[in-house]
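Student: Chain by chain, the residues run as shown.
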Amino acid sequence: NAGVTQTPKFRVLKTGQSMTLLCAQDMNHEYMYWYRQDPGMGLRLIHYSVGEGTTAKGEVPDGYNVSRLKKQNFLLGLESAAPSQTSVYFCASSGQHWYQSSYNSPLHFGNGTRLTVT
Amino acid sequence: QQQVKQSPQSLIVQKGGISIINCAYENTAFDYFPWYQQFPGKGPALLIAIRPDVSEKKEGRFTISFNKSAKQFSLHIMDSQPGDSATYFCAAIANSGGYQKVTFGIGTKLQVIP
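From first to last, the protein sequence lines stand for chains A and V.
Note that the first sequence covers residues 350 to 467 in the numbering used here.
Note that the second sequence covers residues 1016 to 1129 in the numbering used here.
Check each hint, because a few of them may be wrong.
What the hints assert, rightly or not - Only pairs whose alpha carbons sit at most 20 angstroms apart, straight line, appear in this in silico PhoX-like list of lysine-lysine: (1) V/Lys1020 / V/Lys1124; (2) A/Lys419 / A/Lys406; (3) V/Lys1086 / V/Lys1116; (4) V/Lys1116 / A/Lys406; (5) V/Lys1083 / V/Lys1073; (6) A/Lys358 / V/Lys1057.
As the list claims (entries may be wrong) - Footprint (simulated), chain V over chain A, 3 or more residues, beta carbon under 8 angstroms: (7) 387–394; (8) 430–444.
Hints are computed from structural coordinates only; laboratory data are not their basis.
Virtual Cβ for every residue (Gly too), placed ideally from N, Cα, C.
Construct the entire structure; sequences and hints are all you get.
Tutor: This is the structure:
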């Protein structure tokens, strides 16, 4: 199993350009998440999905959109990139519902996409 | 507003020493406390986790100590090795409408020197 796969690994954008980050998981997980990681800020949740066809806003959603058309894929879009969106983006997935998990549903992360906006 | 406060931000430890990372939280709705380990160029991976009804959990050289009344928890790495050099994130989880709402600390970059 590949786990959580993110593409691309690196990308440089100019201000105002758009792009889509793709996340794919092969663990049949219900929940998927997009985080951004910045120095001194830890991991901050951008958007998440609790199942196919659903999305919800996280802690820092402005400037991003997401879609979950298929259970295994979660796309993160930047419509008009800004330098403040320079970051490392991580996708994660998790399995069982909280109340069923018995605390055994950790987040599984991809290896990240390093995005630079100039 | 930082809901999970983690310290220190960086830590240098001699090989064989004890690494200690501390976290504190305010929200009493948190009821699961995992630690994630991240190597350069990789995503974080679950290292060890604890429930609030337990004061200590040990897995190999890694131990979580949990103080519910003080709302603090810490990670101890015994006999630290150069291979432990990584960034460590504490986290706190609350049930939010049926899914896990995970709040991370800002991370601690650990360097273990030979």
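Student: Is the straight-line distance between the alpha-carbon of V/Lys1086 and that of V/Lys1116 20 angstroms or less?
Tutor: 18 angstroms, holds
Student: Holds or violated: are the alpha carbons of A/Lys358 and V/Lys1057 at most 20 angstroms from each other?
Tutor: 11 angstroms, holds
Student: Given the hint that V/Lys1083 pairs with V/Lys1073, does the C-alpha gap stay at or below 20 angstroms?
Tutor: 17 angstroms, holds
Student: Count the residues of the segment 430–444 of chain A whose Cβ falls closer than 8 angstroms to any Cβ of chain V, and tell me whether that reaches three.
Tutor: holds (count 3)
Student: Are the Cα atoms of A/Lys419 and A/Lys406 separated by 20 angstroms or less?
Tutor: 18 angstroms, holds
Student: Taking 20 angstroms as the top limit, are the C-alpha atoms of V/Lys1116 and A/Lys406 close enough?
Tutor: At roughly 12 angstroms apart (the allowed maximum being 20 angstroms), A/Lys406 and V/Lys1116 satisfy the hint.
Student: Is the Cα-Cα distance between V/Lys1020 and V/Lys1124 20 angstroms or less?
Tutor: 15 angstroms, holds
Student: Taking a Cβ-Cβ distance under 8 angstroms as contact, does the segment 387–394 of chain A have three or more residues in contact with chain V?
Tutor: Coverage by chain V holds here, the residue count being 6 at a Cβ distance below 8 angstroms.
Of the hints listed earlier, there is not a single one the structure fails to meet.
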